[in-house]
Every structure is written in structure tokens, then in C-alpha cells.
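K.L.:
Use the sequences and the hints to build the structure in full.
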Amino acid sequence: MKKSMLTVIAMAMLFMTSCKKDNSENPAATGGAATVTAGNYGFDGSASLGKFSSTKAGITQTTVAGITTFSISAIKDGTNESITIILLKKAAVGKVQLGSSLSNGGIIISKDYMKAADGSVNYSTDNSGAMTGGGEVNITKVDGNSVEGTFYAIAYNNARKEAFVEQGTFSGKIQ
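Take the sequence shown: its letters are residues -21 to -1, 1 to 154, numbered as in mature numbering (1 follows the signal peptide of the UniProt record, and there is no 0).
Do not take every clue at face value.
Claimed, not checked - DSSO-like, lysine-lysine: derived pairs with alpha carbons at most 30 Å apart:
id, residue 1, residue 2
1, Lys35, Lys94
2, Lys35, Lys68
3, Lys35, Lys69
4, Lys94, Lys30
5, Lys120, Lys68
6, Lys94, Lys69
7, Lys152, Lys30
8, Lys74, Lys30
9, Lys120, Lys69
10, Lys94, Lys68
Treat the hints as calculated values from the structure; they're not laboratory data.
P.N.:
Below is the structure:
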């Protein structure tokens, strides 16, 4: 049940951030209100692909039916690679451990956010089995709608291949 809920929330967040509006009246479209970076990340046992940087990321916090969800969606500048962080709680200073046996959210690392339903290109900390993913989100500052923090994760796809992200940071305004 938890895995299904996390997958539905993640897919909804990916679809919301992947939609592109026709902005013919304003050719200089503005980006998101957040920045997400990572010192290292990689897929399928490869060495680090280098740095991940998204200058048009989005941070949202919504409450539906009494459940608050804090989420960050970031697409690497110039690529379709993405990182999505979902916490099933209100943004507050503190650390949140993530893993398949926990019911508090997760991180999805994707090779292509346009293929949200393809389990071979999407890696989740929520996968369970012989190899389980995990990670941590540390919210270090909440000031009104501004939030900052760090994160890391090890995630697996449906073929049990690994993706990782480390030395991750996020900062921006909750929209």
C-alpha cells in the first residue's frame, strides 16, 4: 500500500513538473523557485557521472485529506535526468531516514522523467527485496516559505540495478 501511494505521488509530481505551457506572450520564461545540486550521482554501477545541477527545480507542500506532503522535483539542466524527493510530513528542521520498511516518503532518481511509468529508468529508495534502497533528507532551515537542506540516497529500479546520489543540497521557496 505504501509503495503504491509513493509511486502515485511521485508520478503525479513528475507529470506536473514535466508539462510545458505555451508561453508565446513571454519568451523569457522564468524557472522554478528552487535549486537542487548533488556532488556525485550515477546509474547501474557506473562511476560518478559528476555533478547534478537543477536551477529550475520546484518545491511544494500540500495537505489533502489530512495528509501533508512535502516534495522537491528537479530536472538536471539540459537533460531528462531527474531527482524527486517526497516526504509524507510538513517541512520542519530535522533528519528523515528513508527506506523500504519506513512509511515516510522516498527519493526517485530517474534517467528520463518523461518515462515515469518505465520501471527500468526510475530508481526508488522504496524498493524492497534482496537489495533495498535508502537515504536521508536533512532539512537544515525553514524560514517562512524558504527551505534548505541536504540529502543522499541509494535506489534500485525494477531490474535491481542501482542508482545513487550523494552530497545533495536543495534550497528555495515552497510554492
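K.L.:
Confirm or reject each hint.
P.N.:
Going down the list of hints, with the structure as the test:
A hinted pair counts as satisfied when its Cα atoms are at most 30 Å apart, and Lys35 with Lys94 qualifies at roughly 19 Å. Proximity of Lys35 to Lys68 is assessed by CA-CA distance (about 23 Å); at most 30 Å being required, the pair is judged to hold. Between Lys35 and Lys69 the alpha-carbon distance is near 22 Å, which keeps this suggested pair within the 30 Å criterion. Taken as a hint, the Lys94 and Lys30 pair is honoured in the structure, with Cα atoms around 22 Å apart against an allowance of 30 Å.
The hinted pair formed by Lys120 and Lys68 meets the criterion: a straight-line CA distance of about 15 Å does not exceed 30 Å. Under the criterion of a C-alpha separation no larger than 30 Å, the hint pairing Lys94 with Lys69 is consistent with the structure, at around 28 Å. Proposed proximity of Lys152 and Lys30 is supported: the alpha carbons are some 22 Å apart, at most 30 Å. Proximity of Lys74 to Lys30 is assessed by CA-CA distance (about 23 Å); at most 30 Å being required, the pair is judged to hold.
Between Lys120 and Lys69 the CA atoms are separated by roughly 13 Å; this keeps the pair inside 30 Å, and the hint holds. Of the supplied pair hints, the one linking Lys94 and Lys68 holds, its CA atoms being roughly 27 Å apart against a limit of 30 Å.
In summary, the structure agrees with every hint in the numbered list given earlier.
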